[in-house]
Amino acid sequence: MGRYVIRRLIQAIPVLLGATLLIFLIVFALPGDPIAAMFGDKRPDAAVAAVLREQYHLNDPLLVQYWYYISGVLFHGDFGVNFSDIPVSEIMAGKFQVTLNLALTALTMEAVIGVGLGLWAALRRGKATDTMILASTLLLISVPTLVTGFVLQLLLGVKLKQWTGLDIFPVAGTFAGLRSYLLPGFVLAGTSIAYLTRLTRTSLAETLRADYIRTATAKGLSRRRVIGRHGLRNALIPLVTFLGADLGNLMGGAVITERIFNLQGIGNQLFTSVYLREQPVVVGIVTALVLIYILANLVVDLLYAVLDPRIRYE
Amino acid sequence: MKSTSTGVLPAEGGLGDHPLLAVEDLHVEFRTRAGVVRAVNGVTYSVGPGETLAVLGESGSGKSVTAQAIMGILDMPPAVIPKGEIRFRGTDLLKLSEEARTQVRGQRIAMIFQDALSALNPVFTVGWQISEMFRVHRGMSKGEAMKKAVELMDRVRIPAAKQRVHDYPHQFSGGMRQRIMIAMSIALDPEVLIADEPTTALDVTVQAQIMELLAELQRESQMGLILITHDLGVVADVADKIAVMYAGRIVEHAPVHDIYRRPAHPYTKGLLESIPRVDLKGQDLYAISGLPPNLLELPTGCSFHPRCPYRQDNCVTDVPPLHTISGTRGSACHYWREVVDGERQ
Amino acid sequence: MSNPTPPVGPGLPEAPALVTDTVTAPAPPRHGKKAKSGKPASLWTDAWYDLRRRPMFILSVIIILVLLVMSFWPSLFTAIDPFNARTCDLATARQAPSAGHLFGRDNLGCDVYAKTIYGARNSIVIGVFTTLITTLVGGLLGIVAGYFSGAVDAVSSRLTEIFFAIPPILGALLIAATFRGRANSILLVIIALAVLGWPMTFRIMRAAVITAKNQDFVVAAKALGASAGRIMFRHLLPNSLAPVIVVATINLGVFIAAEAALSFLGVGVQSPDISWGLMISDARDRFLEAPLPLVFPAVFLSITVLAFIMMGDAVRDALDPKLR
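Protein sequence lines, in the order shown, are assigned to chains B, A and H. Residues in the first sequence are numbered consecutively from 1, following full-length UniProt numbering. Residues in the second sequence are numbered consecutively from 1, following full-length UniProt numbering. Residues in the third sequence are numbered consecutively from 1, following full-length UniProt numbering.
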């Protein structure tokens, strides 16, 4: 176990550096003067520009600039400042809570609905229920978030209230506590729910064909115990890893959902900064999200070792 | 499951007139998209307390399917049992309700599988898996059940059982894993133990140890043992009687020594002649010609006729009944007399 | 096509589908008669036979054909040219559907139907070209990495790990945002999506090649002294193509959805070019009062994505019945 953990940690380091470098390069390798960009249409004073140049290490090679940046991020939580000298970490703070709430709501829905539907389908394999569930996963995968977002907002957010007077799902812009995350959470989780349903179905169906399931039956255990204890415990392994890895994915995907539902999270901030061409904020947010993504994957790898003894003792 | 299911469990104690376990005219077929696979076509055999029945046959002969039918672990569908009885102490298991069958499974009739690595659950410790029998069926506490598991592991002679009870299946060698499988199956002192090719996946030296262990456990507990194998060599020392299966039928059954001395079916004879023997070194090894039958389209008449050196015209058209040779022997061959006399036509 | 036998034997009552995979008895051959004639159907012939009788496949083919015609000759479907500003009339903004304007008018008083029809082209162009690039780059690198294990494989595998650490929509957003205005917006979307998309194809191709590499016929070809290039493209490629084609088909749909997302976020296709994502973005502000200008492009977008994913699903099921 110890060796496995250490190996995974070491493997994560080049990935982390590589991914953040890639982001850095994409944004800052562009020809053009970032200082000029800072001042927009005005021409900066030469002396001021020189000071700024020094302050932001702009005279150094790009790789050195990257190193200043990433060591600041990793060791001091310093994501740099925007053009108005406001720390990017300050801009992000508070916004992250909203996105995390959204992603966790989505993850919960994913786990409950996805695993539930998948198990149901697996136990009714080849029957009408199974076919129905499979068809709906196809639909859920195919209809883009963009579309489900607006359509559900119209149907459940607006029309439901108009028709029945029930105000279950608050509309964009109005905030009503955790309840306002329900609809966006479902929209964000949509595709993942479908994938998890399919994964659960194949995983359990495959597990139930295993020899040790036959053994469990031969031990005289009830069908409930055979499936619930011997089958599920094994089928769960790929599902947990999928769910863990998806947390990072959901936070990345939140940008569209937050736009649709006007949630003031990190995704919406990213959109605004892209619109305003605030490169430092854009890089900061994307870097932070990628770090979360890598971290989530690392946790999953470790979780995997906990769940599967064959990995633990390799 | 048949519709006329009852919840009456087979009695314990004295057997009366009933054999311990008797399979009677059992048929099993698999209804697949490619057609009906007739895996078992009228098998009859029985085993008594302390008795060892070896069921011999190549893969696809229906020997494992019969065993799975006895255990009630066939996937139904696609498997269907259109005909036959499996009587345990006089009660037809096929007529029992699913709950009643679950009471028999594992507690009174247990089974060992061929590949212990895949037959044991990879994510639970072996101790957990053995003690589960006591926790579920005997309502024991975790600690008590675990103590029992250690005792059982000692009994099947796993060294350092007390420590190894917390290990996972993949941490054991093949032979040790099979011992764990055996420990789990005898946990609740079953009356019948079915061993489905228990040694096929193991080294030759380990094979002998496992067979010895099974024989010893059987002597101690007087359980009936059904030993399924494709290897004639394995059964010679331990079996009391042998049933040879071909294409889902018993083609010959006899006490073990009679079979080795004078086989009464051409297929058995072919099997015996294809065993390498030291005293016949240098001679060509005999091989049964042709291929095992396609279970989707069984040959007409005697299923063995396309491969049979004794074949006559009526073999192609008439299914041979199981001729009684003596009180304890039978052969499903029209020309069993010629086979016993050794005259090849 | 040699005439194949229906998989259900004569005289058999309708056997439930999907039963074969749980059989514990010797598995019967999938097509009884074909195996006997000694001419086993190839993977592709078998799959094609299977596909032709799948309603989902046929439906997706029809939808895709219609979309192709729509993107090559949009004028076949509508007489209105949405690029002509004179067809728009602010006074009629958000007008409900009528005989002349089937889908009504949008916020600028332009015909929604004509725009939706013309929007198909960019979706298809972006989907097809992104798929082509990712499949070529990822596939080629995948073959090479899979065939030459060692340094080549190690380097390219680490490289894909780095790309995999960036959520695709974020990475594409970053690229598209950075280069916005510096290149043709459609080209930019294709590049942004391709940069993030190729590692997936790489991984699948590499895994398939590694499996194929150890098969006897490849080992034999190697032993006979066939060149690396010959082994890769004559032996490994045809035997590893199936999963790549499945993923390419599905990805085509995914890329189309991603284009819409980027355009919705303002970094994709730019006006005056037409894109469903852009239409959704434009209609969003007045969506709750006038949903139709948003709903129509959304429906077209969904059906298009659905068609490709459905086709990919069908092809996968046909190629590998075990996955069903």
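Just so you know, the hints here were simulated from the structure itself, not pulled from any lab data. Certain hints may be false.
Calculated lysine-lysine pairs in the DSS-like style (CA-CA distance at most 30 Å, straight line) [as the list claims (entries may be wrong)]:
| hint | chain 1 | residue 1 | chain 2 | residue 2 |
| --- | --- | --- | --- | --- |
| 1 | A | LYS162 | A | LYS142 |
| 2 | A | LYS162 | A | LYS147 |
| 3 | A | LYS95 | B | LYS127 |
| 4 | B | LYS127 | A | LYS147 |
One-sided and incomplete, this derived list gives chain B residues near chain H with beta-carbon spacing under 8 Å [to be verified]:
| hint | residue |
| --- | --- |
| 5 | VAL27 |
| 6 | VAL158 |
| 7 | ILE294 |
Not close to chain B: a few residues of chain H, all C-beta gaps over 10 Å, as computed [stated by the list, open to error]:
| hint | residue |
| --- | --- |
| 8 | ASP81 |
| 9 | ARG86 |
| 10 | LEU102 |
| 11 | TYR113 |
| 12 | LEU170 |
| 13 | ASN184 |
| 14 | ASN239 |
| 15 | ASP273 |
| 16 | ARG284 |
| 17 | PRO291 |
| 18 | LEU294 |
We put the beta carbon where it would ideally sit given N, CA and C, even for glycine.
Indices of hints not satisfied (ascending) | Numbers 4, 12, 16, 17 and 18 - these are the hints that the structure violates, sorted from lowest upward.
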